[in-house]
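Chain residues, written in single-letter form:
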Amino acid sequence: METTTVNPGQYAPADYKSEQSVRWCPGCGDHAILNVLHKAMAALGVPPEKTAVISGIGCSSRLPYYMNTYGMHTIHGRAAAIATGVKTARPDLTVWQISGDGDGLAIGGNHFIHAVRRNIDLNILLFNNKIYGLTKGQYSPTSDRGAVTKSSPYGTTEDPFIPAELVFGARGNFFARSIDIALDTTKEVMVAAARHKGASVVEVLQNCVIFNNGSHSMLSDKDRRDEHTIHLHQGEKMLFGKEMNKGLVQDGFGLRAVTIGEDGWTLDDVLVHDATTPSNFLHQQLAMMDGNELPLAIGIIRDVDALSYDEAVERQVEEVKTKKGFSNLRDMIIKTCETWESK
Amino acid sequence: MLPGTNVKTLDRVVVRFSGDSGDGMQLAGNIFSNVSAGEGSQISTFPDYPAEIRAPQGSLSGVSGFQVNVGKGVHTPGDEADVLVAMNPAALKTNLKYLKPGGIIICDVDTFRPADLKKAEYKTDDPVKELGIDENRILLVPMTTLLKHTLEDSGMDPKSILKCKNMLALGLICWLFDRPVESVLRKLEKKFAKKPAVYEANKKVIQAGWDYGHNTHSSMSTYRIETEDVKPGTYTDVNGNTATAWGLIMASEKSGRPLFLGSYPITPATDILHELAKRKDLGMKACQMEDEIAGVCSAIGASYAGHLAVTSTSGPGLALKSEGIGLAVMAELPLVVIDVQRGGPSTGLPTKTEQTDLMQALYGRNGESPLCVLAAASPTDCFTMAFEAARIAIEHMTPVILLTDAFIANGSSAWRIPEAEDYPEIHPHFVDANRLEAGWKPFDRDENQVRYWAIPGTPGAMHRVGGLEKDIRTSAISTDGKNHEKMVQIRREKVARIANDIPELKVAGKQDAKTILVGWGGTYGHLYTAAEELNAEGCEVALAHFRYINPLPKNALEVLRGYDRIIVAELNTGQFADYLQMQLPGKTVERINKVEGQPFMVREITDGVKRLLAGQQGTIKE
Chain Y
1 METTTVNPGQ YAPADYKSEQ SVRWCPGCGD HAILNVLHKA MAALGVPPEK
51 TAVISGIGCS SRLPYYMNTY GMHTIHGRAA AIATGVKTAR PDLTVWQISG
101 DGDGLAIGGN HFIHAVRRNI DLNILLFNNK IYGLTKGQYS PTSDRGAVTK
151 SSPYGTTEDP FIPAELVFGA RGNFFARSID IALDTTKEVM VAAARHKGAS
201 VVEVLQNCVI FNNGSHSMLS DKDRRDEHTI HLHQGEKMLF GKEMNKGLVQ
251 DGFGLRAVTI GEDGWTLDDV LVHDATTPSN FLHQQLAMMD GNELPLAIGI
301 IRDVDALSYD EAVERQVEEV KTKKGFSNLR DMIIKTCETW ESK
Chain W
1001 MLPGTNVKTL DRVVVRFSGD SGDGMQLAGN IFSNVSAGEG SQISTFPDYP
1051 AEIRAPQGSL SGVSGFQVNV GKGVHTPGDE ADVLVAMNPA ALKTNLKYLK
1101 PGGIIICDVD TFRPADLKKA EYKTDDPVKE LGIDENRILL VPMTTLLKHT
1151 LEDSGMDPKS ILKCKNMLAL GLICWLFDRP VESVLRKLEK KFAKKPAVYE
1201 ANKKVIQAGW DYGHNTHSSM STYRIETEDV KPGTYTDVNG NTATAWGLIM
1251 ASEKSGRPLF LGSYPITPAT DILHELAKRK DLGMKACQME DEIAGVCSAI
1301 GASYAGHLAV TSTSGPGLAL KSEGIGLAVM AELPLVVIDV QRGGPSTGLP
1351 TKTEQTDLMQ ALYGRNGESP LCVLAAASPT DCFTMAFEAA RIAIEHMTPV
1401 ILLTDAFIAN GSSAWRIPEA EDYPEIHPHF VDANRLEAGW KPFDRDENQV
1451 RYWAIPGTPG AMHRVGGLEK DIRTSAISTD GKNHEKMVQI RREKVARIAN
1501 DIPELKVAGK QDAKTILVGW GGTYGHLYTA AEELNAEGCE VALAHFRYIN
1551 PLPKNALEVL RGYDRIIVAE LNTGQFADYL QMQLPGKTVE RINKVEGQPF
1601 MVREITDGVK RLLAGQQGTI KE
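Going down the list, the sequences are from chains Y and W. This note's numbering applies: residue 1 is where the first sequence begins, and numbers increase by one. This note's numbering applies: residue 1001 is where the second sequence begins, and numbers increase by one.
Keep in mind the hints are simulated off the structure, nothing from the lab. Mixed in with the good hints there might be a few duds.
Stated by the list, open to error - Computed spacing ranges between beta-carbons, pair by pair:
| hint | chain 1 | residue 1 | chain 2 | residue 2 | range |
| --- | --- | --- | --- | --- | --- |
| 1 | W | L1468 | Y | K197 | 26 to 34 angstroms |
| 2 | Y | E311 | W | H1149 | 52 to 60 angstroms |
| 3 | Y | T339 | W | P1142 | 56 to 64 angstroms |
| 4 | W | D1432 | Y | T336 | 50 to 58 angstroms |
| 5 | W | H1427 | Y | T5 | 27 to 35 angstroms |
| 6 | W | P1101 | Y | A312 | 34 to 42 angstroms |
| 7 | Y | K197 | W | P1428 | 25 to 33 angstroms |
| 8 | Y | K150 | W | R1492 | 50 to 58 angstroms |
| 9 | Y | D290 | W | D1291 | 28 to 36 angstroms |
| 10 | W | P1196 | Y | T5 | 48 to 56 angstroms |
| 11 | W | L1060 | Y | K335 | 36 to 44 angstroms |
| 12 | W | P1101 | Y | T336 | 36 to 44 angstroms |
Beta carbons are placed, not taken as given, at the ideal position from N, Cα and C, and that holds for glycine.
Use the sequences and the hints to build the structure in full.
Structure, rendered in structure tokens:
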């Protein structure tokens, strides 16, 4: 199997950037995510020719055109399936999948959960703007109940998916979250996702300025975000708030946000984050926090080692090849089938 | 007792083994055909499975059949059987219609018990009389009793003993057709290498079957089957699905491109997935994906990544893959799509054969979406055409749909295992360093309009492909109307020029006849035999059989225009006839059609031709 030499520092962000002019709407959150992706790739140091970026259809799925890597802009919903083929065929490549909430969770929902279950080593960037942008403003599977859109003029009558919940339901081993404006966090989670072996899902909450402007404003506005989000760090206390004086504590089977020094809560009561613990119980609790009662979690929520599908396939192929030792097709047929000679 | 006392010589003989699904009829039939092949016979086999996995024992719906044709000039499993082996009254009832007039029946009389007869829906207690069978033509063998006596000291339990009944029938058939018991035993010894006790039991039973024939019916005629000289080499028996998988592996060896299969289980194509999954031992990667769409899409991903990429399916699955195949057309990636046709539309007749996906393969995509369509003619031809599909896909950077069908996929015949030099090298259309330096664009083309393949990992060739239209010069995405029309024409021309790279159409039969009989794909054996019989009767016909459907061989239309009458026989309502008619203005393409989920019978074709030549309809339905 071919391997790739990684050399952080060898490449600059510009080395991953194509000459195509970027055509997203001015103010779209995708611009920020794209720029961070170039930086994350440079930080990783995987050569551009060893990188493949596969997308489906939607605004965010235009992204491969803006990359100076190998890439495919494919068909609606199928990015995960196509990326699975790329990675299974060529484990030496670093494969990124770009999908929006419609592409990844509606038309491509089946491929999404199976890519996660199979644990194929893809870095899946899920751009979640809770709306269909390219088709001009219909509700998506992550739109809140009651969302008023062009296809739900009186509000939707259905509940949304929470992407993390799908990932855990599909037994995912890596889930991280960021917000388009949180550039450092986005870079941090992208790099971690790429370094994780197996399916890594990064949800980036992204603002659609045209059809769903401000959908994440509680989480992204400067004066509100510190109270409504918590940045999780491995091995550190789960603290948040402008003064970093709030923390998460265990409360029965759930979590509770408390202020240190109030009602007898001390720093010792605050939970320490462990993304690497195999049980996903607490990870799920953290991922389900939505910014209202409890702050929305950003950063790496779960990052657990497990054998990836592509590596397992590769190992199995090598094992049975060695065990059987056939030199070619004819050799295999002659050694395993009933044959007879005709003269 | 059957009449006759001597040994009769036959060119070929058709034996149909029938019984419950669990009676081991396929194994008995397989061994008989392989032993015959070892004796120098040509062979052709066809299993006829019930739709149910395990229908109730002894019921009419649970009967499974396995027909073999062995001898000289064998091109089909035979219209009707010379000998019918029926292991129970249900098998007798459902299979009698496949017996030739004057053919003989071997039946287990021990199964004529009231309960068995009731399950098989007989009205009387005498099935022979009730079905109007001539008593002189049926050999009623107490198989179960013989079996129990033979194995009474074996220490086996009654259930295990009953499992050996197929070998008793096989022993009897071997006696009837003078097949050496030793060859059968050698095959069984290999099969049961890890179960010596089972081998010993089966050995006894086969001998008992042979002895029974010899001792009880020594006055009955036995047969000697003619042999035919075949090309020297090492042979094996192969069915169409396995041959398809092997042809792809050969193409992988000849192209240096590793093989990737993305697939999803579907009858009757699943055995291709099974075989390639086993062939991880040759380095193949066969992945069972979450659905048909993921099957084709993972293959497209693997193709972009530089593999010989394949997806295998049957009609309903091909429908699901349409959008993905369109992407491969647009991105101009090599992709092999295998469609093992079955009865449709919708779920249709999953275990039965048809040729009804031709139009779907040719046109079943949105937009102007040309691709190459091939069809395999026989079980062993699946190897050649799978190889061809891969060769064309890789050398012409296009998706190729290979049509096989349930009949050739499950049917088998003897096949000479090819030597490496029997097949040509396949040259992937890679972009080279010179071209890269000269400022290569992803949709630059050679003189045949074929673009170059740049594989991830190649420095300096990073590029993006996708489903959107590209600019003819820059390869960047483009919505320009004039540009689009040019690209539509280029993609069409690229596929049309494959005609320069495939064999010309060869006419068989009586080439200077006024009438040409035309077929395509899996009906070859039946059409060939029909043409032979017609010509032998003085009803002169030429024969053109198509394996390259789009593009057609360069000379095809000119050849067809040279005949007064063009008669297309196919297992649909006229899809290939319509396709040819469209391209043959001024000519009338006549038709013989059948859509019963079963292969043609040779006489349906010969009768059809005669009727058409007499000015009547080609197809008559009751």
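**OP:** Run the structure past the numbered hints and jot down the numbers of the failing ones, going up.
**Re:** 3, 4, 6, 8
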